[in-house]
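Novice: Numbering-wise (my numbering), the sequence shown opens with residue -9 and increments by one.
Each hint should be verified, as a subset may be incorrect.
Now the in silico label distances, taken between C-beta atoms and shown as ranges [unchecked claim]: (1) I328 <-> N240: 21 to 27 Å; (2) P246 <-> H316: 21 to 27 Å; (3) F151 <-> A75: 23 to 29 Å; (4) L204 <-> D294: 21 to 27 Å; (5) A287 <-> E221: 38 to 44 Å; (6) V149 <-> N269: 30 to 36 Å; (7) H192 <-> N310: 42 to 48 Å; (8) N310 <-> L204: 35 to 41 Å.
Just so you know, these hints were derived from the structure itself, not from any lab. Beta carbons are placed, not taken as given, at the ideal position from N, Cα and C, and that holds for glycine.
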Amino acid sequence: MTITLVESATKSLTIKEVCVIHKGIFLSLAATENTYAPNQMKKTCIALFAMFCTSSLWAQQDVQFTQFTNNKIFYNPGVTGAGDAICLGMAARQQWVGFENAPSTQNFTANIPLNILHGGLAVNVTNDMIGYFQDMTVGLGYGYQMDLAGGTLGLGLRVDFRNKAVTTGSWAPPQTMNDPSLVAIGSSSMATDLNFGAYYRHTNWYAGLSSTRLLETKDILNATGGSSNAEIRGQRHYYFMGGYDLDLGNGFVLQPAAMIKTDFVTTQFDLNAAAMYNNQIWGGVTYRVQDALAIMAGYQITKDLRASYSYDLTTSTLRNSSSGSHEIMMTYCFTIEIPPKEKGSYRNPIFL
-9 MTITLVESAT KSLTIKEVCV IHKGIFLSLA ATENTYAPNQ MKKTCIALFA
41 MFCTSSLWAQ QDVQFTQFTN NKIFYNPGVT GAGDAICLGM AARQQWVGFE
91 NAPSTQNFTA NIPLNILHGG LAVNVTNDMI GYFQDMTVGL GYGYQMDLAG
141 GTLGLGLRVD FRNKAVTTGS WAPPQTMNDP SLVAIGSSSM ATDLNFGAYY
191 RHTNWYAGLS STRLLETKDI LNATGGSSNA EIRGQRHYYF MGGYDLDLGN
241 GFVLQPAAMI KTDFVTTQFD LNAAAMYNNQ IWGGVTYRVQ DALAIMAGYQ
291 ITKDLRASYS YDLTTSTLRN SSSGSHEIMM TYCFTIEIPP KEKGSYRNPI
341 FL
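Make a model of the complete structure from these sequences and hints.
Specialist: Below is the structure:
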């Protein structure tokens, strides 16, 4: 027997259904069978219930970053190969501080322009922990860059190899339980998916359109019943982002930006406004509609290295139990100079 689960944020669900569905956190008995669950698990399920009953909330099957303007390549493979420098990026996000087993994400990206490929290559490694589930994803991408209408258009494709595993955590179902809605501790699943993006950059503005999880592959995990499987179906996501650099003079540049995230069932908007001074220090705010208000700050430490931080103040019903979310990013960009070949004399030994 196989149970198929689909992540959705629009349906009005019972607490039990929410706990079963949300990214595979199979805590169904936590809210309905006190015999099998401690109070902390009930608190977690109630929190998930409140989260999912927000009508416009994003289903967050993909990882979420507040500083999306500093990590465009994560959302849009069309950025791959853009620019002249090799850029390495690291990001860490701790979401909803105060909740046990709240989402925690670490991400590494590499954008490697290569003229010989008329674009470049990209690497994306993401570790995403939520509840008792760990998603480890390794992505390899290629982007083609072309001149168009005074700007540059990038088209990119990334292949993701994803491993979803059930960690031991601090809770495990009783050994006597034979419930196909509960995933067995230690089970894991491998899946492959595709992401595509188009990204256009002009002198002082940019726009991008991308889609992730194009194949909508399933994560198939063993249930505690032994003979059953739980299938978590992937959901295709679409992203539109755009931004503008407005020169205010005296070294100040205003940088408004926005991103729309949708699976055509739920939609979420991120609105961002930042101001940069002398290309060295910047600060701003982001509003994620009906979810969070964030403050951000960044500093160009050297000509190659920059760091930034953001703090999300939750505005949804979770604000009474959460201390907000923290996010740190660092980017190191550098170029490799290849010296030209020296012209020298050549002697043919035949004529020596």
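Novice: For each hint, tell me whether it holds in the structure or not.
Specialist: Each hint tested on the structure:
no. : hint                      : verdict
1   : I328 <-> N240: 21 to 27 Å : violated (39 Å)
2   : P246 <-> H316: 21 to 27 Å : holds (24 Å)
3   : F151 <-> A75: 23 to 29 Å  : holds (27 Å)
4   : L204 <-> D294: 21 to 27 Å : violated (34 Å)
5   : A287 <-> E221: 38 to 44 Å : holds (42 Å)
6   : V149 <-> N269: 30 to 36 Å : holds (35 Å)
7   : H192 <-> N310: 42 to 48 Å : holds (44 Å)
8   : N310 <-> L204: 35 to 41 Å : holds (38 Å)
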